[in-house]
Every structure is written in C-alpha cells, then in structure tokens.
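All residue numbers for the sequence shown refer to numbering that gives the first Met the number 0, where the first residue is 0 and numbers rise by one.
Just to be clear, a hint being listed does not mean it is correct.
[To be verified] Pair by pair, the computed Cβ-Cβ distance ranges are:
| # | residue 1 | residue 2 | range |
| --- | --- | --- | --- |
| 1 | THR130 | SER36 | 20 to 26 Å |
| 2 | ASN233 | GLU5 | 46 to 52 Å |
| 3 | ASP294 | PRO45 | 42 to 48 Å |
| 4 | THR168 | ASN74 | 38 to 44 Å |
| 5 | ILE32 | ILE387 | 35 to 41 Å |
| 6 | PRO45 | LYS187 | 33 to 39 Å |
The set of hints was computed from the structure by calculation and includes no laboratory data.
For each residue, glycine too, the CB sits at the ideal point set by N, CA and C.
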Amino acid sequence: MLYEAERHEPLTTSAWDERTARACIDEILSDAIDRFSARDLWPAHPLDSFSPDACWNLYVGAAGTIWALHRLSRNPDYLPNFSNVVPGLLDPNRNWILNVKGAGLELCTAGLLTADTGILLVQAMLDGMETVAVQLGDAIDANRDNPVREFMWGSPGTMLASLWLYEWTGQDIWAERFRRDAGLLWDKLEFVEEAGCHLWVQNLYGHQAPHLGAVHGFAGNAFAAIRGWPLLSNAEQSRWAQQLADSLRRTARLEDHCATWPQSIGRHRPGRTAQLVQHCHGAPGIVNCFAAFPDRGIDDLLVGAGELTWQAGPPRKGSGLCHGTAGSGYAFLKLFRRTGDQRWLARARCFAMHAIEQHRHDAVKYGQRRYPLWTGDPGLAVYLSNCIAGSDRFPTLDDFFGP
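Turn these sequences into a full structure, and let the hints steer you where they fit.
Structure, rendered in structure tokens:
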C-alpha cells in the first residue's frame with residue numbers, strides 16, 4: 000500500500016450542499032470575531048501540539064487568523080481593529096523561537112510561516128506597505144542563507160514573500176530579491192545517490208535528510224520557483240523545469256495508477272513514518288505545489304497523486320490545511336483547474352462536506368473551535384469558499400494580498 004489506512008477515515012455520504020458550506024463559513028467567522036481578545040488573542044486548543052505557546056505567527060497564531068478574517072469577511076469594517084495588535088506579535092514570537100530547545104532554529108526568526116516575515120506581511124496588509132517595507136526587506140535579506148532550506152522556516156518562504164510584494168507594489172527591488180534567492184536555492188541542490196537525482200537536504204529540528212513534501216521539503220521549495228516562473232530567465236526556466244521534473248519522477252512511488260512520495264529519502268525524522276497523505280507530506284501537497292508547473296509531462300504523476308488522495312480518504316487528524324481534510328481537498332481543486340475535469344471539483348466538494356462534519360464533531364468534543372489558519376477552522380473556511388467558487392487559491396501560498 001502507498002498509504003497508511005489507519006491514518007484515514009471513510010468519506011461521508013453527505014452530498015454537496017452550498018448552503019451548508021456557507022453556514023459553516025459564517026459560523027467560523029462569527030465565532031472567531033466573538034472569541035477575540037486584544038490581550039489574550041484567541042483561546043488555545045488541546046490539539047495545537049506544535050506549541051501551545053506559539054500563538055502569534057502565520058502558521059498557528061494570530062497573524063494567520065487575522066489574515067483569514069480579512070480574506071473572508073464581506074465587510075472588514077465590522078472586524079476588530081487589528082492594527083494595534085499585529086506589531087505586538089513580533090517580540091513574543093521571536094522569544095518563542097529562540098527558546099525552542101534543541102531544534103536548531105536559532106537562525107529562523109525571519110521565516111514566512113512561523114517567524115517575522117509572515118507577521119510583517121499581515122501588518123502591511125492592514126496598514127500599508129510603507130509601514131513595514133524596511134523591516135520586510137531586512138527580514139528577507141537575513142533569511143537568504145538560512146541552513147534549514149525548507150518553506151516553513153527557510154528562504155523558499157521568504158522568496159515567495161518577495162514575489163507577493165513585487166506583485167503588489169511593482170517595485171523592482173522585490174523582484175531582484177526573488178531572483179537572488181532563487182539562484183541561491185538552485186545552488187543548494189545536492190545529488191542524493193539513494194534517490195538518483197538532485198534534492199535539497201533539510202537540517203530540520205536536529206535531523207538532516209532530503210525531505211520531499213510541501214511544507215518541509217522538495218515540493219515546497221519547488222513551489223516558490225514555480226509560483227515566480229515569469230521572473231526567471233528563459234535559461235533558468237529551462238534548467239529548473241528539467242531538474243524539477245526529473246526529481247519528481249525519480250522520487251515517486253507508483254502503484255495501480257496511483258502516485259505518492261515518501262516523507263523523506265533515507266532515515267525519517269524520529270516519530271514520523273514514510274507514507275503520509277496530507278498537504279505537508281505526501282501526494283496532496285505535491286499536487287498543490289506542482290499544479291502550475293508549465294511542463295505537462297508530469298500530468299500522469301499529478302493525476303496519480305489525486306487518485307491516491309481520493310483512495311486514501313480524509314485524514315483522521317481533522318479538517319485543517321496542513322495535515323487535514325481541507326489541505327488534501329485542495330489537490331482536487333488544483334487538478335480541476337489544471338485538467339478541467341469536473342470529477343475533481345466534485346471530489347473536492349465531497350471532502351468539503353466531510354471536513355464540515357469533522358469540524359462540527361470536534362467543536363462539540365472539545366467545547367470550542369480551533370483558531371489557527373493552517374491547523375484550524377479558518378483554513379477550512381477558506382477551503383469551503385474555494386469549493387463554492389470552483390477556485391483553487393491555497394491561502395498564503397497562491398496569494399497574500401489578492402481579493
């Protein structure tokens with residue numbers, strides 16, 4: 000088997016219902032607004048095991064929740080005034096990073112999802128680019144040689160931030176930063192004999208290995224380059240396309256028209272297994288990162304990954320983006336956009352109904368909702384809005400400042 004069946008659960012038989020999806024979005028939004036406290040932000044959740052104290056950043060903290068509320072709210076004037084809150088997220092988040100013992104994150108206070116850059120981008124969204132332009136430039140520059148070499152903490156994430164800022168402002172300095180960091184990322188590719196191809200080796204939480212997934216490995220790094228493809232020269236596009244396609248195919252595991260990718264090549268991180276099927280590791284994240292890849296020669300792999308995601312079913316971990324049903328469901332939305340095949344949209348909406356049921360079950364079980372963007376209910380709400388619209392815009396990946 001290409002996946003661990005015990006990590007997944009049977010798909011609900013509930014048919015797609017747009018009114019149910021809209022009602023769930025409204026419930027999540029109104030609850031998040033009601034539970035916000037300028038002093039305490041949002042209540043922690045028992046399942047937020049990444050760190051119950053990391054309540055500030057884009058990934059599991061207030062910055063991500065604020066981003067989602069602004070993206071989803073039909074009238075931002077009715078939201079709390081977050082402008083005075085966001086600047087105060089930086090210092091406690093930095094202190095949390097510096098105090099994570101034994102994780103090797105001392106140089107990671109500038110990254111996108113968990114550090115300064117993501118928080119500063121939210122401040123720019125609220126108050127205008129001019130309020131944090133210098134700080135953002137400093138953070139992106141400080142992260143360019145980060146040895147972690149993955150999307151959450153490292154330079155691929157801040158490379159993507161440069162792209163968003165260029166698209167928002169039109170200022171060449173951000174395009175120059177993107178091109179610089181794309182070149183540095185390319186130079187860090189290493190030939191991994193066990194895989195027979197070039198990959199990046201991640202130094203993550205005290206463990207070194209070439210990871211393959213969308214958050215911590217090859218796919219996430221590749222996504223940053225793919226997302227900014229027009230900023231690369233023709234020669235750069237050619238070498239990136241050839242290398243990425245070759246590495247993707249050589250690391251794939253194939254069986255009965257299905258495809259997936261192990262968490263890493265060689266020794267896995269302690270406590271982790273090889274055959275995860277979720278956004279951060281495995282087939283769904285590969286599709287989410289490679290769906291805009293210009294070479295159609297990988298379509299068989301992407302379709303195979305979609306079939307594997309459907310066959311495995313919704314993850315038992317819940318409804319969220321990073322390792323839940325919404326994140327896996329985005330692979331179907333991506334394939335719908337890439338292929339035009341309506342079955343992928345139908346499958347995305349099936350996962351949406353299942354995610355709604357998971358969300359409501361957990362809200363009763365724990366007596367509260369879960370507020371982080373990437374691991375909680377706001378990410379589900381964004382996914383549901385995409386399922387309604389037939390769109391595939393993965394939050395804080397495909398765009399940041401867009402409508």
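So, going through the hints one by one against the coordinates:
no., hint, verdict
1, THR130 with SER36: 20 to 26 Å, "holds, 24 Å"
2, ASN233 with GLU5: 46 to 52 Å, "holds, 47 Å"
3, ASP294 with PRO45: 42 to 48 Å, "holds, 44 Å"
4, THR168 with ASN74: 38 to 44 Å, "violated, 26 Å"
5, ILE32 with ILE387: 35 to 41 Å, "violated, 21 Å"
6, PRO45 with LYS187: 33 to 39 Å, "holds, 38 Å"
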